[in-house]
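J.: Single-letter residue listing:
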Amino acid sequence: DQQVKQNSPSLSVQEGRISILNCDYTNSMFDYFLWYKKYPAEGPTFLISISSIKDKNEDGRFTVFLNKSAKHLSLHIVPSQPGDSAVYFCAAQAGGTSYGKLTFGQGTILTVHP
Amino acid sequence: DGGITQSPKYLFRKEGQNVTLSCEQNLNHDAMYWYRQDPGQGLRLIYYSQIVNDFQKGDIAEGYSVSREKKESFPLTVTSAQKNPTAFYLCASHSPGHNYYGYTFGSGTRLTVV
Chain A
1 DQQVKQNSPS LSVQEGRISI LNCDYTNSMF DYFLWYKKYP AEGPTFLISI
51 SSIKDKNEDG RFTVFLNKSA KHLSLHIVPS QPGDSAVYFC AAQAGGTSYG
101 KLTFGQGTIL TVHP
Chain B
1 DGGITQSPKY LFRKEGQNVT LSCEQNLNHD AMYWYRQDPG QGLRLIYYSQ
51 IVNDFQKGDI AEGYSVSREK KESFPLTVTS AQKNPTAFYL CASHSPGHNY
101 YGYTFGSGTR LTVV
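Top to bottom, those sequences are chains A and B. At position 39 of the first sequence (counting the first as 1) the number is 39 in this note's numbering, and the numbers step up by one without a gap. At position 24 of the second sequence (counting the first as 1) the number is 24 in this note's numbering, and the numbers step up by one without a gap.
Just chain A, same shape as in the assembly (with noise of 0.2 Å):
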């Protein structure tokens, strides 16, 4: 049973626009949630989080929002550019800062053309 779902496996954008990645969970005890990026061959770097007190959390160029009735939650990068072009993963979990695991979405490749 997936409980985190990327249902885009991918997503093509022109540089300068923005980019709209999304994320849908099920598991209503999900309280955290994060969005990291990665690159092939490499490890995924943590890019930005939110937590469900909140329903959105800006960073620079990104910002995350969360819609926690409809249990949905995007990431939005304004300027895209091209070294954006990634993997992005979605994650959640439940249980605030402690330690529960994380449970990831399927990732959306990003392809940011120049």
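FYI, nobody ran anything at the bench for these hints, they're computed from the structure. Incorrect hints may have been included.
[To be verified] Here are some chain B residues the structure puts well away from chain A; computed CB gaps all over 10 Å:
#	residue
1	S7
2	I60
3	A61
4	S67
5	E72
6	S73
7	S80
[Stated by the list, open to error] Quick list of in silico lysine-lysine cross-link-like pairs, PhoX-like style, CA-CA up to 20 Å:
#	chain 1	residue 1	chain 2	residue 2
8	A	K101	B	K71
9	B	K70	B	K57
10	B	K57	A	K101
Virtual Cβ for every residue (Gly too), placed ideally from N, Cα, C.
With the hints as your guide, set chain B onto chain A.
T.: Leaving out everything else, chain B in the frame of chain A:
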């Protein structure tokens, strides 16, 4: 610099052989994790350990074994019982705290059965 080191980067295994993937961290993190990445399936949890000398099965533990004799080390053995071991393996660690950035990942080991 603190971080997680996985070795080797590439590993080839013959049918019926056991192989061990190394994971070492100098971040003083309490918890360590092993994930497997397959195309289109995201990251799936194999085993995790929250403290030394203790570990728990993740979602796909069959055919794998681990040990946690030292805080810094969490080796993963892929046994001959693992039916489809060819994959990209990622080790991660973290400790809870106010500045929660999720997991720190290693750079991964690509295992291929020949």
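J.: Does each hint hold? Answer for all of them.
T.: Going through the hints against the structure:
B/S7, annotated as away from the interface, keeps every beta carbon of chain A farther than 10 Å; the closest lies near 13 Å. No beta-carbon of chain A comes within 10 Å of the beta-carbon of B/I60; the shortest separation is about 13 Å. The claim that B/A61 lies off the interface holds: its Cβ sits roughly 13 Å from the closest Cβ of chain A, which is beyond the 10 Å cut-off. Consistency note on B/S67: stated as away from chain A, and its beta-carbon is indeed over 10 Å from all of that chain's, at 19 Å minimum.
Distance check on B/E72: its Cβ is at least 17 Å (rounded) from any Cβ of chain A, clearing the 10 Å threshold; non-interface status holds. In this structure B/S73 is separated from chain A by more than 10 Å, as the shortest Cβ-Cβ distance comes to about 17 Å. For B/S80, the condition that its CB be more than 10 Å from all CB atoms of chain A holds, with the nearest at approximately 26 Å. Annotation: proposed proximity of A/K101 to B/K71 holds, straight-line Cα distance about 18 Å (limit 20 Å).
The hinted pair formed by B/K70 and B/K57 meets the criterion: a straight-line CA distance of about 18 Å does not exceed 20 Å. Between B/K57 and A/K101, the direct Cα distance comes to roughly 11 Å. Compliance with the 20 Å bound is thereby established for this hinted pair.
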